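S.K.: From just these sequences and the hints, can you work out the full model?
Protein chains: 2
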Amino acid sequence: MKLKDIGEFGFINRISPLGNIRPEGVIKGIGDDCAVIQIQTDEYLLVTTDLLLEKVHFLVEWASPETIGARALTANLSDIAACGGNPRDVFLSLAIPDKMEVEWLDAFYRGLTKLARQYKVNVLGGDTTSSKTDFVISIAVTGLVPAEQVLLRHTAKEGDIIILTGPTGLSRAGCDILIKRQDLKTEAAIAAVEAHLKPRPHIAEGRMLATSGACTAAIDVSDGISSDLAHLCQDSGLGAILYETRIPIPPELTQLGKILKRHPMDWVLNGGEDYVLLAAITPTKLQGVIEEAEKNNWKFYPIGEFVAGPKMQLSRSDGKTQEIAPAGWDHFA
Amino acid sequence: MKLKDIGEFGFINRISPLGNIRPEGVIKGIGDDCAVIQIQTDEYLLVTTDLLLEKVHFLVEWASPETIGARALTANLSDIAACGGNPRDVFLSLAIPDKMEVEWLDAFYRGLTKLARQYKVNVLGGDTTSSKTDFVISIAVTGLVPAEQVLLRHTAKEGDIIILTGPTGLSRAGCDILIKRQDLKTEAAIAAVEAHLKPRPHIAEGRMLATSGACTAAIDVSDGISSDLAHLCQDSGLGAILYETRIPIPPELTQLGKILKRHPMDWVLNGGEDYVLLAAITPTKLQGVIEEAEKNNWKFYPIGEFVAGPKMQLSRSDGKTQEIAPAGWDHFA
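Protein chains in written order, with our numbering: chain Y, 1 to 333; chain V, 1 to 333.
These are computed hints drawn from the structure, not numbers from a lab.
Identical copies go unnamed one by one, so any copy, or any two together, can satisfy a pair.
Straight-line Cα separation of at most 25 Å, DSS-like style, residue types lysine-lysine; simulated pairs:
1. Lys132 - Lys180
2. Lys311 - Lys157
3. Lys198 - Lys299
4. Lys55 - Lys99
5. Lys55 - Lys132
6. Lys180 - Lys261
7. Lys185 - Lys261
8. Lys132 - Lys99
9. Lys120 - Lys198
10. Lys185 - Lys198
11. Lys55 - Lys198
12. Lys258 - Lys320
Fair warning: this is a prediction, and the values are worked out from it, not measured in the lab.
M.R.: Right, dumping it as structure tokens:
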């Protein structure tokens, strides 16, 4: 049997029961954006890790080393955001092939620390080693969140409104352009590539949701709405209905869809790595959350609601309803 | 310029000043066994990370997957031990080549969690991804230590006694046998290979030193006495003198030295990965520490003392004195 036969989540389900050896104080070990560990009665330590390999997760030819460095950190900061936390410290480990220039590494580190500085996050010790083949980046990030504010995946309630803290789809379209159509230099193509290479972690949005008293659950859109919403649904024992007319479609996707022969909604629902947040909001508090977001110049999108489970459905603009299957990224599929 | 030109520590010195963005609460960021972060006034969180690559750090042919899994965790547990802490949670990330069997991974995870269970350490979330080439293991471990007990590298005092919590050298001899002489099946060779593949992290010894009130500084022997003592000396602004007659030489090394044409003291001083602790003890409290160790059936070895710096010297059995240079492992040398 090979990993591709059982998939990434199959493998995680396989190994996770073995790891929970001392359950006291572990609020979330595996199966959420961060591991959440009780340190004292009023605050949780958040820890999230990521392993990025050249040629699997990125190509050094795609972007400057500064951009690759910043992007490597973004996914973990986004995980902290999804738990409502403030990131605290980054632990960076690198496996470096002999052929790599130190100047490239300096620039990589410069990009990463520039992003870290924006969020007042340290980049602390880690491990540096040689690699016989490709460049490997391992990142662990810790964060803190007041215990009563932590945002998890399993706590959405039936009737809660599903919101996005920003539009999705552009990042994956940008990835498609980098893979297949680097010659494409339209404004839309450039915007999509930029969205893929320089996503912004929604730390401030996450903190706002965490302190709002209105948010019952959250996840970041790393694998795509369809996959990430499925996590919220499964973990909360609920289903969901999304309304097609309420889901934001970046205008660039309409243009790019014609060129790349793909339906924009496919990118919007199934494309990952936008790193916006997908959250559950108590209906009576929705208006307040949206207004509070506007004060910060953010646009939050109510795109659907949680219903009795387990189906995820899309209420289409033509009046028909279709089921949504998780179709985001699985590393081993 | 390539990394091999400046070495691992050259690279760390190059990048570490950039990372210390928010110094409040960071007791140790880079340059110790663990990053040490103040969480509350009376306890420190310890975080240590390690990145291990197939063919760089280990060969899957060398040992069972269970052994490889346990060994992967040992280095990090040893880092927690060197800070005097109790390990708490393990965050494991793996990059897995397509060819790898899930059964192999299950066994790897079984070995790792068996060791984790011995120390009541959880194995929590992490990241799992595919690899185009080799198997990559990334491990982050957190630990806790009462603030007043933490053992660091820069706090040794002139006149402090240098102790080892166990003998060194056997692990590196075992590594040499695995590389060059797998046909060698003498009792000594088997013991050396066992020492290399199944080192024991000195967690309990570290806790004992941390609570003794006698230990002023500590490090684990991961790169070899000569390199690791150099860290204690440089960070504490001291030199050291070691007495050859007091340094334990495992009897197996005498036999293996003849076969592999290497001086046993070379393995003892320069061989790494034994994962015993090298610590500084206040002279008036040495006897108490040694007796306390004996109660636990441990043998601690006073092998020298810290002197005004910066030289590290070996007082030889023939009465002569020679300088010791750090000669342990550097991944890029």
